[in-house]
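4 protein chains.
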Amino acid sequence: MSVAKEGDIALLISKDGKRFMVRLQAGGTQHTHRGMVSHDEIIGQPWGREIMSHREYPFLLLQPSIHDLLMNVKRLSQIVYPKEIGYLLLKMNIGPGARVIEAGTGSGAMAIALAHAVRPTGRVYSYEQREDMLRAAARNLERVGLSAYVELKQRDIGEGFDERDVDALFLDVREPWLYLEQAREALTGGGFFGALVPTTNQVSDLVAGLELHRFADIEVAEILLRGYKAVAQRLRPEDRMVGHTGYMIFARQTNRPPENGEAASEATQDATPEAAEGIENGEMADSTIAGLTDDLDEEV
Amino acid sequence: MSVAKEGDIALLISKDGKRFMVRLQAGGTQHTHRGMVSHDEIIGQPWGREIMSHREYPFLLLQPSIHDLLMNVKRLSQIVYPKEIGYLLLKMNIGPGARVIEAGTGSGAMAIALAHAVRPTGRVYSYEQREDMLRAAARNLERVGLSAYVELKQRDIGEGFDERDVDALFLDVREPWLYLEQAREALTGGGFFGALVPTTNQVSDLVAGLELHRFADIEVAEILLRGYKAVAQRLRPEDRMVGHTGYMIFARQTNRPPENGEAASEATQDATPEAAEGIENGEMADSTIAGLTDDLDEEV
Amino acid sequence: MSVAKEGDIALLISKDGKRFMVRLQAGGTQHTHRGMVSHDEIIGQPWGREIMSHREYPFLLLQPSIHDLLMNVKRLSQIVYPKEIGYLLLKMNIGPGARVIEAGTGSGAMAIALAHAVRPTGRVYSYEQREDMLRAAARNLERVGLSAYVELKQRDIGEGFDERDVDALFLDVREPWLYLEQAREALTGGGFFGALVPTTNQVSDLVAGLELHRFADIEVAEILLRGYKAVAQRLRPEDRMVGHTGYMIFARQTNRPPENGEAASEATQDATPEAAEGIENGEMADSTIAGLTDDLDEEV
Amino acid sequence: MSVAKEGDIALLISKDGKRFMVRLQAGGTQHTHRGMVSHDEIIGQPWGREIMSHREYPFLLLQPSIHDLLMNVKRLSQIVYPKEIGYLLLKMNIGPGARVIEAGTGSGAMAIALAHAVRPTGRVYSYEQREDMLRAAARNLERVGLSAYVELKQRDIGEGFDERDVDALFLDVREPWLYLEQAREALTGGGFFGALVPTTNQVSDLVAGLELHRFADIEVAEILLRGYKAVAQRLRPEDRMVGHTGYMIFARQTNRPPENGEAASEATQDATPEAAEGIENGEMADSTIAGLTDDLDEEV
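Protein chains in written order, with our numbering: chain A, 84 to 383; chain B, 84 to 383; chain C, 84 to 383; chain D, 84 to 383.
Bound conformation, chain A alone (with noise of 0.2 Å):
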């Protein structure tokens, strides 16, 4: 059993529900509305254990997950939440060993999520404009010890990116359809490119530009995400909900001839809803021969 140590961020939960995260430092304290918990109580103690205020009010110790990380540094970011991370992470295939950039790097609440998933052997490359967001941006990986696997990058990346042959790029731009070439140019064949917009407009006008663009197998969609009050008898949604946050949009790089531009988008164009259709069909694996997908007649 793991225990707390000096330098660790720790959780504490008190009994009525506030959360309160400290990263524990030999001496220090932390003020709470029920009471000062003293760092030096926590350090040494088993995580899951309940530790006492000086008033003696319980409060739980607990590691935080990257989803409580996250979720710590938000308010500084207005538009990656925890709810998309985790769908965007999957679809851009974001694993251990994957070199990936993004851009721009706000807060640095995606370069947090994106150097969790690609420790220790892959690499984030994260460019920003704005100097201040960057600095903040590396305290808030320093504090979470991920700063070794981002590389945090001050440019306009309409100058483009340093990197090619990267697996996933993902751009939380304003206008990320001015940047495409650039980011052709940095993905490997076949990479995954993924987005984040806020509205309609902006959606419309990135799946054109990934059109012109010649990459494949657009895909947009949004999550919403539900809570619900935890109470055996009384099971029910929370009054409230976050509405939106954004809008995603997924493409695979090609290599495909520009000359064939123009009809490669129509057929894009056709091909999405059917290709949506046929997985949620379980239509998508037609394989014969070796195929991936001939255990599923045994079982279905």
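Heads up, some of the hints might be wrong.
[To be verified] Sample of chain C residues lacking proximity to chain D, with all beta carbon distances greater than 10 Å (derived):
(1) 123
(2) 139
(3) 206
(4) 212
(5) 245
[To be verified] Under the rule of at most 16 Å between Cα atoms (straight-line distance), these lysine to aspartate or glutamate pairs were calculated in the EDC-like manner:
(6) C/312 - D/288
(7) D/312 - C/302
(8) D/236 - D/246
(9) A/312 - A/322
(10) A/312 - B/302
(11) B/312 - A/302
(12) C/101 - D/302
(13) A/101 - B/302
(14) C/88 - C/123
(15) C/101 - C/133
(16) D/312 - C/288
(17) A/312 - B/288
(18) B/312 - A/288
(19) D/88 - D/123
(20) D/101 - C/302
(21) D/88 - D/124
(22) D/101 - D/133
Keep in mind the hints are simulated off the structure, nothing from the lab. Keep in mind the model is a prediction, meaning the values are calculated, not measured. Glycine included, every Cβ here is placed at the ideal spot set by N, Cα and C.
Got chain A sorted already, so can you dock chains B, C and D onto it with the hints?
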């Protein structure tokens, strides 16, 4: 730029949007609605390139994402969808190096997602009672190349789990509330518990069970994924969508002493809505010394 | 073109979007954040005209919709929202001439909507135990000019309803399953039953009760209303939305003999999903003679 | 207790949940999957009674709701669903006595809902260019007995509407922004405008058009209806749901002078989010004299 090799799984998307998942074998052939595609013409080609069928119809050659692979497995397992998986991984803090238990294995979709996230140093322990499901899961893991990170175990989990101090534990079984003491024993202090159940009655039973067994920070949520027709000039949501897969339940193991059990469960109940609200309002962090969040005041 | 008259309710919307609901009185004055508006300058003006405050700030003069009136009453009653009311009226077949019972009255929002829909020849019988609520509802009905169509009754509905052969009956009470025999007796043969409850536990209890009391065609549904920021160039959903008000439950009274009660409830249970699917698939109507739907074949 | 009569429309629900909509005719027969049902055995029976087919299978005899009738018509018209209709009626203030224009008629579903709501003293003017649609709508209105309240007109609405001072006007056409001046002229001062369009691009075009034509209080919303499997012990949402029908757009006609047009449209744009927020927060009413809402302080 990497190329398709024998043994790789390839995703072929026809120009009219049909998708084919294929394991490449020298001499192999993929039959499609637009003619045959020879594996030999694929092997050695860079990903992202267009391949022609014998009827000269173009297919885009792509590496499947973990999302594509999960959608392909999906038909066997009724319940865990990629839309939930991404969120589950974040909430349960599953990343490289994590040691995770899951039950039941089903067709292995969740095991694949877990293995993809924890590799190469982490480990997945996956329990399942039915031998046929376990065999199917083994094959599915083998095919996507993730077998090395998963231990499949045929077992009634009522007898307990073999592992101790695991970081996270996920239950996808009909009556998860029957196995909470076993889950407590297997989890490390403050470890992450997750479950997915289809009915509200099960949610109520599980929440009651988690309180009884002194789990804390209980949360219930569901995710709605809404796809759009990706047409720039006629952007609109898909006509039909998945209305429900399951409710996600999250909790943290605690080492609260049993004699406080009842009181603790009351606190948990009261705390949940407030805690959630705190997060939403961004009022979570109040650390004053060595705070993680003192930057926030500078920038917000 | 009709004009605003003394005694009318006017909705004033300031150029910066603030809304004021006012009953017009000769000599009256409305205080606003942009100066005072004299009722005398409103009276006699055509609806749709701009009115100036004494600080020359423009206000649009409108007649409130029934929706505006309901939103204004909303604060007293916790649960019935206009988003549900419109659907409830359609499902319960409430239109001009209908005779409807509701309980409890609450602040009268549902009574207002029902009265608006059934007037002038229909009638609403509204039961409420609390005298203070009943007085508030009476005032609210008086103000919107719909008192003539509603009979308010202070009563414990456990004692039964006075009316017989009513077309529809709506329960907005904590334990609606306690009053189903009373509901059966009051409803006409095949009459429409509706209820709204906030928790899933109540839904389960009510569905079980409806089956026990030989109601048929039981349906459960919820409505999510998602508002958008109405900006042409930056169209996007509102950041926050109402996550939950309540679950709607619908059923039909039957005259099935009691001895078949149990069997009938089984049938209802099995039938529900299929029936709903039938409707969605448009496979509902199969009439072959004198059919309502023979046109459908001509045009689909 | 009323009984089924010749000429009535009956909804028969078999014990296994199949639904049949039938117009009763002496000597008629309804074929079902469970045997034939003779109309003569239905005629004279009280509603809510069980009827036996010739194979002794029970069918529940019910009067269809307006919702049932609309679902039955639905197949012809692609877009207006009952889930939207109820909300549209409330927002557009449509009740007994209202005079309403709609275009296009389509298969008459919206006309049926409007006629049902405005009868007996109101009137619906329904415009449609296609003669075949108009004939189908006429038959559908005839069958549900609502023809007397609807005037069907074959017309290009670009030429304008015949009526003046109508209370509400609803556009269900592809390019509603082309007909806003015609709508303005037909609507009474401050009258209610509503429209339904399937794509976000159309929403943007319509919102821009409404601002240009000095409409006010512009709102955009969509409704998601989520059905549940009505099983008490296994309550859960339906697996699949309708993901999208259309976006609803609402606005109010104004008599703002044209020279203020531009400024007015700016105000509308800024005002919308705030106004919506005001409603949600229940801060709408600030009336101080002869206020509608002074009761609120007593009870909240």
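Hint-by-hint comparison with the structure:
1. 123: Given that every Cβ of chain D is farther than 10 Å from that of residue 123 of chain C, nearest at about 12 Å, it holds.
2. 139: holds, 13 Å
3. 206: For residue 206 of chain C, whose nearest Cβ neighbour in chain D is about 13 Å away, the distance exceeds 10 Å, so it holds.
4. 212: The assertion about residue 212 of chain C holds, with a minimum of 15 Å to chain D.
5. 245: holds, 17 Å
6. C/312 - D/288: holds, 14 Å
7. D/312 - C/302: holds, 8 Å
8. D/236 - D/246: Holds, at about 12 Å.
9. A/312 - A/322: It holds: about 9 Å lies between the C-alpha atoms, which stays within 16 Å.
10. A/312 - B/302: holds, 8 Å
11. B/312 - A/302: holds, 8 Å
12. C/101 - D/302: With a Cα-Cα distance of about 14 Å, the restraint between residue 101 of chain C and residue 302 of chain D holds, given a limit of 16 Å.
13. A/101 - B/302: holds, 14 Å
14. C/88 - C/123: Given pair residue 88 of chain C, residue 123 of chain C holds - Cα atoms ~10 Å apart, limit 16 Å.
15. C/101 - C/133: holds, 14 Å
16. D/312 - C/288: Given that 16 Å is the threshold and the Cα spacing comes to 14 Å, the pair holds.
17. A/312 - B/288: holds, 14 Å
18. B/312 - A/288: Roughly 14 Å separates the two Cα atoms, so the pair holds.
19. D/88 - D/123: Holds, because 10 Å separates the two Cα atoms, which is no more than 16 Å.
20. D/101 - C/302: Distance ~14 Å between residue 101 of chain D and residue 302 of chain C Cα, so the pair holds.
21. D/88 - D/124: Holds, at about 11 Å.
22. D/101 - D/133: holds, 14 Å
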